[in-house]
Amino acid sequence: MAASLEQSGVPTVAVHTQVFARLAKSAALANGMPRMRQAFVPQPVVDRTPDQLRTYIEGIDPISKRPFVQEVIEGLTKPLQQEDLKGVSFERSTPRLLKPDSEENLHRLFVENHWTDFLPITLPTEKRVAEMLKGTSHAPDKIVGQLRPTYFREFWELTVEKVAVNAVMAGARPEYLPVILALAASGITARSSSTTSFATISVINGPIRNELGMNSGIGVMGPYNHANAAIGRAYALLSQNLQGGSVPGETYMGSQGNWYAYSATFAEAEERSPWEPLHVQKGFEPTDSAASVFFGGWYTHAGYGPRATWQDKVRRCLSAAEHYSPPFLVLDPIAARGFVELGFDKKEKLIEWCAKNALLPAREYWDNQHIQTLIHPLAVAGVEPYATRLKAKPDELIEIFEAKQINIVVAGGETQGAWKMISGDLRATVSIDAWR
Amino acid sequence: MAERVTAHDPRGYPPKVTGKRLASRLDNLERKTVYLVDCLFDNSEVFMEQLRQWFAARLPSVDARIIKPRQSWVDDPDMRARIAADGSAAILGVGL
Chain A
1 MAASLEQSGV PTVAVHTQVF ARLAKSAALA NGMPRMRQAF VPQPVVDRTP DQLRTYIEGI
61 DPISKRPFVQ EVIEGLTKPL QQEDLKGVSF ERSTPRLLKP DSEENLHRLF VENHWTDFLP
121 ITLPTEKRVA EMLKGTSHAP DKIVGQLRPT YFREFWELTV EKVAVNAVMA GARPEYLPVI
181 LALAASGITA RSSSTTSFAT ISVINGPIRN ELGMNSGIGV MGPYNHANAA IGRAYALLSQ
241 NLQGGSVPGE TYMGSQGNWY AYSATFAEAE ERSPWEPLHV QKGFEPTDSA ASVFFGGWYT
301 HAGYGPRATW QDKVRRCLSA AEHYSPPFLV LDPIAARGFV ELGFDKKEKL IEWCAKNALL
361 PAREYWDNQH IQTLIHPLAV AGVEPYATRL KAKPDELIEI FEAKQINIVV AGGETQGAWK
421 MISGDLRATV SIDAWR
Chain B
1 MAERVTAHDP RGYPPKVTGK RLASRLDNLE RKTVYLVDCL FDNSEVFMEQ LRQWFAARLP
61 SVDARIIKPR QSWVDDPDMR ARIAADGSAA ILGVGL
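Chain order of the listed sequences is A and B.
Mapping the first sequence onto the numbering used here, position 244 (from 1) lands on 244, and the numbers just tick up by one.
Mapping the second sequence onto the numbering used here, position 17 (from 1) lands on 17, and the numbers just tick up by one.
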């Protein structure tokens with residue numbers, strides 16, 4: 001926004017907290033305005049009192065070490081230098097191939113450049129990448145899509161070959177490539193730079209699950225299957241490398257990080273589920289293969305049953321779910337059949353029950369940081385259902401999720417009637433067959 | 001000597017960066033309208049109100065006005081147009 005205002009002829013200073021200094025400067029460079037005027041205050045601003053924030057304003061900019069207000073006022077009034085007037089234009093094309101070197105040196109280069117997840121990778125040699133490309137009928141130079149770490153960064157473009165390179169690094173086999181290409185084409189990064197440490201969790205449906213020998217049984221969400229593990233890791237690596245990086249402090253700001261970000265892909269147990277598969281719910285045919293991408297990973301609740309008190313347990317989990325990130329439920333087939341016996345003969349009925357029972361006092365809902373930042377402006381603008389939630393009295397219970405935000409997947413090895421409730425907004429269900 | 005290997009660069013293709021010039025700066029802020037853009041991050045409203053009060057106390061000739069976009073994370077062309085039409089300068093915060 002600051003760059004747009006400058007282009008409209010309005011001198012502008014953007015104020016950030018100090019932890020964003022590197023990110024703010026690199027974003028300004030990518031905007032072609034590296035000398036954009038910026039001023040910094042200490043972290044945090046959240047939860048500080050008015051008096052504490054006033055001390056920030058009257059204090060020292062922790063980056064420049066000069067008075068904050070001096071930075072702001074000079075940013076608006078100090079005459080521009082020659083370099084400010086021209087901006088900076090440049091090409092940043094990346095090479096197709098790296099300079100030949102020993103395997104040891106190349107492995108070191110990949111680690112030093114933040115191109116790995118710090119676990120060993122398979123070097124993407126020409127021969128290995130050529131072999132990987134046999135997994136799809138699409139040309140290596142075909143554009144798959146574009147990715148970026150967050151909304152204010154620029155999109156980077158990705159080709160079939162670049163996706164194959166990252167698939168090799170993750171240890172994937174050529175037959176996995178259509179799934180990996182579909183995830184890349186979703187346009188959803190598995191390496192969001194959000195301070196809140198989002199991750200993605202991907203669910204695979206359709207015949208390709210069995211073609212690849214994917215796991216939907218014992219240990220489905222653990223490290224017990226090559227295809228599950230390698231596809232999830234490939235999606236993670238391609239996201240960071242094809243979007244322009246995921247480097248802490250620069251292109252990654254997740255305060256605590258997220259274990260799901262290593263690899264989180266699994267198959268739905270369609271054959272053992274009493275319900276319609278996820279991809280069919282989203283408009284695909286049962287014979288189609290599709291990938292669904294959940295964006296979240298903030299929380300994971302667990303339970304067993306359904307037992308006599310299941311309603312109390314699930315209500316507590318729903319109300320404890322971080323309000324900005326809706327849940328999806330992963331039910332072991334034993335648990336799924338248990339819910340059918342209770343009358344939930346369709347996923348939609350259980351989803352509807354969850355939506356009606358995801359309740360919270362209005363004051364708690366509106367006190368949430370993300371709800372305040374992202375939802376409150378919509379409520380004020382009259383957007384439903386948020387506007388109605390805003391009208392509720394502080395102690396009034398309100399429904400915090402809509403049924404359309406909640407999803408159910410059946411997976412597990414039937415060694416327990418287990419279920420998980422995982423943070424995950426379903427952002428896309430995309431065709432895998434299109435990438436065969 | 002270790003065998004030399006040729007590997008692919010794993011990075012995607014970045015867009016060309018096109019340079020943009022900064023707007024001309026003001027001679028001073030005397031009797032100017034400065035928009036304080038509350039980016040709607042949690043507590044940024046309180047920060048901007050403190051900044052408005054600072055201007056009122058220390059530079060009272062500056063007309064410091066708080067303005068908010070329609071929602072966070074999304075560009076608001078109408079708000080930008082209003083700032084360009086009525087304002088001499090802008091301070092955005094707190095956040096990106």
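Warning: the hint list may mix true and false statements.
[What the hints assert, rightly or not] The calculated DSSO-like cross-link candidates involving lysine-lysine, where the alpha carbons are at most 27 Å apart (straight line), are: (1) LYS393/A / LYS420/A; (2) LYS391/A / LYS404/A; (3) LYS404/A / LYS282/A; (4) LYS16/B / LYS393/A; (5) LYS356/A / LYS346/A; (6) LYS391/A / LYS420/A; (7) LYS32/B / LYS420/A; (8) LYS134/A / LYS65/A; (9) LYS32/B / LYS99/A; (10) LYS127/A / LYS25/A; (11) LYS68/B / LYS391/A; (12) LYS65/A / LYS99/A; (13) LYS404/A / LYS420/A; (14) LYS68/B / LYS142/A; (15) LYS282/A / LYS420/A; (16) LYS393/A / LYS32/B; (17) LYS127/A / LYS78/A; (18) LYS391/A / LYS346/A; (19) LYS282/A / LYS391/A; (20) LYS282/A / LYS349/A; (21) LYS142/A / LYS78/A; (22) LYS404/A / LYS349/A; (23) LYS16/B / LYS420/A; (24) LYS78/A / LYS134/A; (25) LYS313/A / LYS346/A; (26) LYS32/B / LYS134/A; (27) LYS25/A / LYS16/B.
Worth flagging that the hints you see were computed from the coordinates, not collected in a lab.
Cross-check of the supplied hints:
1. LYS393/A / LYS420/A: violated (32 Å)
2. LYS391/A / LYS404/A: Roughly 22 Å separates the two Cα atoms, so the pair holds.
3. LYS404/A / LYS282/A: This hinted pair holds, its Cα atoms lying about 11 Å apart.
4. LYS16/B / LYS393/A: Given pair LYS16/B, LYS393/A is violated - Cα atoms ~51 Å apart, limit 27 Å.
5. LYS356/A / LYS346/A: OK: LYS356/A and LYS346/A at ~16 Å, within 27 Å.
6. LYS391/A / LYS420/A: violated (33 Å)
7. LYS32/B / LYS420/A: violated (57 Å)
8. LYS134/A / LYS65/A: Judged against 27 Å, a Cα distance of about 56 Å means the pair is violated.
9. LYS32/B / LYS99/A: Violated. LYS32/B to LYS99/A sits at ~56 Å, over the 27 Å cutoff.
10. LYS127/A / LYS25/A: violated (39 Å)
11. LYS68/B / LYS391/A: Roughly 21 Å between the alpha carbons, so the hint for LYS68/B and LYS391/A holds.
12. LYS65/A / LYS99/A: Cα-Cα ~41 Å, so violated.
13. LYS404/A / LYS420/A: Judged against 27 Å, a Cα distance of about 19 Å means the pair holds.
14. LYS68/B / LYS142/A: Roughly 42 Å separates the two Cα atoms, so the pair is violated.
15. LYS282/A / LYS420/A: holds (21 Å)
16. LYS393/A / LYS32/B: violated (42 Å)
17. LYS127/A / LYS78/A: Roughly 57 Å separates the two Cα atoms, so the pair is violated.
18. LYS391/A / LYS346/A: violated (33 Å)
19. LYS282/A / LYS391/A: With Cα atoms ~33 Å apart, LYS282/A and LYS391/A exceed 27 Å; violated.
20. LYS282/A / LYS349/A: holds (16 Å)
21. LYS142/A / LYS78/A: Cα-Cα ~48 Å, so violated.
22. LYS404/A / LYS349/A: holds (12 Å)
23. LYS16/B / LYS420/A: Not OK: LYS16/B and LYS420/A at ~44 Å, beyond 27 Å, violated.
24. LYS78/A / LYS134/A: Roughly 59 Å separates the two Cα atoms, so the pair is violated.
25. LYS313/A / LYS346/A: The hint holds at about 21 Å.
26. LYS32/B / LYS134/A: violated (64 Å)
27. LYS25/A / LYS16/B: holds (17 Å)
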